[in-house]
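Chemist: With chain A held as given, fit chain B onto it using these hints.
Protein sequences appear in the order of chains A and B.
Last residue of the first sequence? That's 573 in the numbering used here, and every number before it is there in order.
Last residue of the second sequence? That's 699 in the numbering used here, and every number before it is there in order.
Everything labelled a hint here was simulated from the structure, so no lab data went into it.
Treat the hints loosely; a few may be bogus.
Think about it this way: if two alpha-carbon atoms lie no more than 20 Å apart in a straight line, the pair counts; the simulated EDC-like pairs of lysine to aspartate or glutamate are [what the hints assert, rightly or not]: (1) A:K325 - B:D583; (2) A:K492 - A:D427; (3) A:K444 - B:D611; (4) A:K549 - B:E686; (5) A:K249 - A:D338; (6) A:K325 - B:D582; (7) A:K128 - A:E98; (8) A:K315 - B:E579; (9) A:K315 - B:E651; (10) A:K24 - A:E98; (11) A:K325 - B:E579.
Quick look at which bits of chain A chain B covers, simulated, 3 or more residues with Cβ under 8 Å [stated by the list, open to error]: (12) 168-179; (13) 486-498; (14) 514-525; (15) 537-547.
Label-pair ranges, simulated between beta-carbon atoms [as the list claims (entries may be wrong)]: (16) A:K428 - B:A670: 44 to 50 Å; (17) A:A223 - B:P618: 38 to 44 Å; (18) B:A670 - A:N390: 38 to 44 Å; (19) A:D321 - B:V625: 48 to 54 Å; (20) A:N390 - B:P618: 19 to 25 Å; (21) B:P650 - A:E525: 36 to 42 Å; (22) B:P604 - A:T530: 51 to 57 Å.
Glycine included, C-beta positions come from ideal geometry on N, C-alpha and C.
Residue strings, one per chain:
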Amino acid sequence: MTLRIKDTRIRSFAETLQRQSTPKISDANVLDVLAAVGDGAHASSDQVKAALTRPGITRKEQFELAKKGLTQSERADLGQLLDKSGFQMDAGAKNFLEALVGRAPLQETFGPLTITGDQKNGIAGLAKPGVVIEAINLSAAPGGRLHLTDTMVIATADASGKFLGAMPDVREGDLIRMRTRAADGSTSDWLTIQAKGIEARDTRNAIVNLERMDLSAGPDGVAVTHNTGRPLSEPGAKLRFTNVRTGEKVDVTVTDKGSLPEGLKLPGRAGDEFRVAGSDGVNNVDFAAVAGTLKVPGGTSGGNRVDLPDPKMHKDELNADGTPKYRLERFTGHLFIDGPRPDDVRQGAIGNCYFPAALAAVAAARPEIIQNMIKDNGDGTYTVKFNSANSWSGGRPVEIKVDGDLYVRSFGGPIYGGSLGGSTAPDKMELWFPLIEKAYAQWKGSYDAIGNGGVAGQVMAEVMGKSYAYENLSGTNTDRLYERIKKAADNKQPIAAGTCGTDQAARYTNTGVYANHAYSVLGVEEENGTKYVKLRNPWGQSEHGYDGKNDGFFRIEIGKFTELYRAIHIVNP
Amino acid sequence: MAKPPERIDDVLPGADAAVLAEVLRVVTQDPQRPSSADPMATSTPDKAARQVVELKVTKVLFGGLAQAGATLQVVKPEGDYALRAGNHGPFVLKGGAGAAEILGRFGPDTWPEGLVAQAAQRLGKA
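Only chain A is shown next, with the shape it has when bound in the complex (with noise of 0.2 Å):
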């Protein structure tokens, strides 16, 4: 039979079916004929499929998704399917269609097993008389001793094939798993619903079992295994693998059996630790609360054995005969703890404000940039990536390449930039920053070469490889500056700014703003009527203002902003 479907989608369907030996329309492949009616302008056809197949979705919710993209030519194509394909048809996706065309009202029920409203009361449903109800916790099961199959009896359906079961703890948005038991022992497919009417809200979220996990390293990453036939989390739970010392990240989806996907691989090496984290869709979707940490056994030696030259110190830390004041030592710390942070950046002993000021207004417009500006090269160096930038071009990249020895002071800690809010230890402290000052070092020639003032605008184009814009402040229109600091920080463009040099020095003092200083701006705010400019002071402390915490990071109000700093430098988009 020839059909004429107008719909690319169902035609696909149709046409797939069609090549088949005894096509059939199943209550599972019927779901491909409901996304393909429920697509339009709000949702795509694979959102709306991953709608249907959501954990607990009842008959009636995915009638109405798919209802609520049905055009008058997706019912006739729907019309043809049922009048013209002669395919076979199961009952439940024979009433979807029947249903969607109008020609039958929606039946709820379809199988062995049918559950009914909420569960504030309980499990309720119907069901083949006289069988039993088994049924797990899927969202609890992971967090003990359960496997999938161990499921506990909660009802009997009576004789008119109703039942009301109770399982302890379960909460609102849990995933049950359930099955009818007959008699003769036989067995009903799994039905898995999301516990509904319990709470006001989900809020527990999916347990995530670390001792399920097993990570080994091999030549083309880290393989992490499931080493239990117990779940280590729930269906369709999401799970976030971070290598903390290289930031990047892996998502997952855990399986319908609870487990990871086949083949899982994350890039990193032998000695990684990588946070997990886990949500189920509701609870902690930005992945922020990290349910543990887990490491790549082996590693321990050999990983930091490569030693290149290092920048010469500054003249005010070398001796008379050249030689350093400072002795140098490995660091071996994380690159990045939890990504680049303009708070992670600390200015060292030495005059290059406008560095650590402009890395900080990267690292808060586009974290992304410096994340990628830097690689842990596994053998105890590190390559950095900046351009050859200006005032008026992107230039073209340079790579350089630094071990991970940096200067020290006598009592720990490095001397030139450094890392706050965490340890200052060789083997702990955050690397991003106290390295990447290390090779602009070595690209400029010494720590003497950066350290006696400079360009921020300059610094935020190398590191970014665009241009920069330079505006001076003097008599500036204090609200045609806002707009234009408000519209760059929207537009993620870093920003840095520099106050007037010591000839004005006496205009600062006791203003909590220095002079001949570079401070990151990280953006504008208004509060009852008034403008203000926030900025973060490279050393991570001393502010204009008390706002009870002495972290570098304050505001001022835009017209004093005009009067004490000089000049602001944006990255062009």
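Modeler: Chain B only, in chain A's frame:
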């Protein structure tokens, strides 16, 4: 260019006194050297000229250089900051009366009073 303030524990051992004070006047100021830095620079290697200023002491944190209520002439060395009348805060000083020099990269803005007092106690100065 501005470097961060020094660690107070690095500076205080060499100090002879610390006072809370206000600048009454700038007695003398050396000529300011002209800048030769890039005009687009956000920071430069320039230094603010040396000054001699008169302080009115309001509180002594440690040391016997001056009593509360006294006035004192001190040297602000060439560096990253400059003073003018009305500036105030904790001044950490080195040297005797008439020749004392202000320590700390930013003078009275280098460390808050509480930090100076705590460090002085910790280091046995107060």
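Chemist: So, for every hint listed, does it hold in this structure?
Modeler: Going down the list of hints, with the structure as the test:
Between K325 of chain A and D583 of chain B the CA atoms are separated by roughly 16 Å; this keeps the pair inside 20 Å, and the hint holds. For the proposed pair K492 of chain A and D427 of chain A, the alpha carbon gap of about 33 Å is over 20 Å, so the pair is violated. In summary, the hint linking K444 of chain A to D611 of chain B is supported, as the alpha carbons are separated by about 17 Å, within the 20 Å threshold. A distance of roughly 16 Å separates the Cα atoms of K549 of chain A and E686 of chain B; the hinted pair therefore holds under the 20 Å criterion.
Between K249 of chain A and D338 of chain A, the direct Cα distance comes to roughly 11 Å. Compliance with the 20 Å bound is thereby established for this hinted pair. Note on K325 of chain A and D582 of chain B: the hinted pairing holds, with a Cα-Cα distance of about 19 Å set against a maximum of 20 Å. For a cut-off of 20 Å, the pair hint linking K128 of chain A to E98 of chain A is broken: about 26 Å separates their Cα positions. Distance hint between K315 of chain A and E579 of chain B is fulfilled; the C-alpha atoms sit about 18 Å from each other, no more than 20 Å.
With a CA separation close to 19 Å, the supplied pair K315 of chain A and E651 of chain B stays within the 20 Å bound. Using a Cα cut-off of 20 Å, the hinted pair K24 of chain A and E98 of chain A holds, with the two alpha carbons roughly 16 Å apart. Restraint check for K325 of chain A and E579 of chain B: the C-alpha separation of about 17 Å stays at or below 20 Å, so the hint holds. Only residues whose beta carbon comes within less than 8 Å of a beta carbon in chain B count, and the segment 168-179 of chain A has 0; fewer than three means the coverage is violated.
Only residues whose beta carbon comes within less than 8 Å of a beta carbon in chain B count, and the segment 486-498 of chain A has 3; three or more means the coverage holds. Interface restraint, the segment 514-525 of chain A with chain B: holds (5 residues with C-beta to C-beta distance below 8 Å; minimum three). With a cut-off of 8 Å between beta carbons, the segment 537-547 of chain A has 3 residues touching chain B; three or more are needed, and the interface restraint holds. The hinted range of 44 to 50 Å is satisfied by K428 of chain A and A670 of chain B, whose Cβ atoms lie roughly 48 Å apart.
The given range of 38 to 44 Å is broken by A223 of chain A and P618 of chain B, whose C-beta atoms sit roughly 54 Å from each other. Against the hinted window of 38 to 44 Å, the Cβ-Cβ separation of A670 of chain B and N390 of chain A comes to about 53 Å, which falls outside the hint. At roughly 36 Å, the beta-carbon separation of D321 of chain A and V625 of chain B lies outside the given 48 to 54 Å, and the hint is violated. One distance hint, 19 to 25 Å for the beta-carbon pair N390 of chain A and P618 of chain B, holds here, with the actual separation near 21 Å.
At roughly 39 Å, the beta-carbon separation of P650 of chain B and E525 of chain A lies within the given 36 to 42 Å, and the hint holds. Hint check: P604 of chain B to T530 of chain A, Cβ distance near 40 Å, so the stated range 51 to 57 Å is violated.
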